Amino acid sequence: MSDEMKTREQLVEELEKLRAIVSGLEGSKAGHGETEKRSGDENRFRGILESMTECYFEVDLAGNLTFVNDSMCKISGMSREESIGLNNREYTTPDTARRMNDIFKEIYRTGKPANIADYEVTVKDGSKRILDLSASLLRDSEGKAIGFFGLGRDVT
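Residues 2 to 157 in the working numbering are what the sequence shown spells out, letter by letter.
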């Protein structure tokens, strides 16, 4: 099935698998053959991440962007370097920032993903875009919450 035909949930599942693979690689002292297989899986998922039309993002627990894919850069009009480190309050309205804060607190508290409709962002040229998002808790290799990741689609 092509990436364009996959549902948001299928893409989130694949991204969660990628996170698990990356965490395993970071903490693994496995043999060379197993490491090569994981490296191949990581490259496969990284390719999916960069070629999919949906936006993919990661933020730390404070709401600062730590990763964005090419689709997110295209929608925002910003390079990856310009995007990384931005706090959500810098590209949303105060009302949207408060709403997002409440939603992400709930994701953190419950560990359950959330669908977020009508997320308004201001892009580099000053225009507004409306995104529909799906966000999940991001954990490190020990299971500790370290931020959030999500997929978005421009519905402007």
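Simulated from the structure, these hints should not be mistaken for lab results. Any given hint could be a false lead.
[Stated by the list, open to error] Now the in silico label distances, taken between C-beta atoms and shown as ranges:
hint, residue 1, residue 2, range
1, E17, D96, 26 to 32 Å
2, K145, K125, 20 to 26 Å
3, T157, D71, 17 to 23 Å
4, E51, K125, 32 to 38 Å
5, N44, T123, 31 to 37 Å
6, E14, K145, 20 to 26 Å
7, E14, D126, 31 to 37 Å
8, D119, R45, 29 to 35 Å
[Stated by the list, open to error] Below, in silico cross-link-like pairs of lysine-lysine (BS3-like), each with a Cα-Cα straight-line distance of 25 Å or less:
hint, residue 1, residue 2
9, K75, K113
10, K113, K145
11, K113, K18
12, K75, K129
13, K129, K18
14, K145, K75
Predicted, not measured: the structure shown is a model, and the values here were computed from it. Heads up, the beta-carbon is just placed ideally off N, CA and C, and yes, glycines get one too.
Tested hints:
Separated by about 30 Å at the C-beta atoms, E17 and D96 satisfy the suggested range of 26 to 32 Å. Restraint check, K145 to K125: a C-beta distance of roughly 34 Å breaks the suggested window 20 to 26 Å. At about 18 Å, the CB distance of T157 to D71 agrees with the hint of 17 to 23 Å. Between E51 and K125, the C-beta spacing of about 20 Å breaks the proposed range 32 to 38 Å.
One distance hint, 31 to 37 Å for the beta-carbon pair N44 and T123, holds here, with the actual separation near 34 Å. A C-beta distance of roughly 21 Å is found between E14 and K145, which places it inside the suggested range of 20 to 26 Å. Under the hint 31 to 37 Å, the C-beta atoms of E14 and D126, about 34 Å apart, fit the expected range. The supplied range of 29 to 35 Å is met by D119 and R45, whose beta-carbon atoms lie about 33 Å from each other.
Between K75 and K113 the alpha-carbon distance is near 28 Å, which puts this suggested pair outside the 25 Å criterion. The straight-line distance between the Cα atoms of K113 and K145 is roughly 14 Å, inside the 25 Å bound, and the hint therefore holds. A distance of roughly 16 Å separates the Cα atoms of K113 and K18; the hinted pair therefore holds under the 25 Å criterion. A C-alpha spacing of about 14 Å is found between K75 and K129, which places the hinted pair at or below 25 Å, so the restraint holds.
Straight-line distance between C-alpha atoms of K129 and K18 comes to about 33 Å, which puts the hinted pair past the 25 Å bound. The suggested pairing of K145 with K75 is violated, with an alpha-carbon distance near 31 Å, which exceeds 25 Å.
When the structure is compared with the earlier hints, violations turn up for hints 2, 4, 9, 13 and 14 and for no others.
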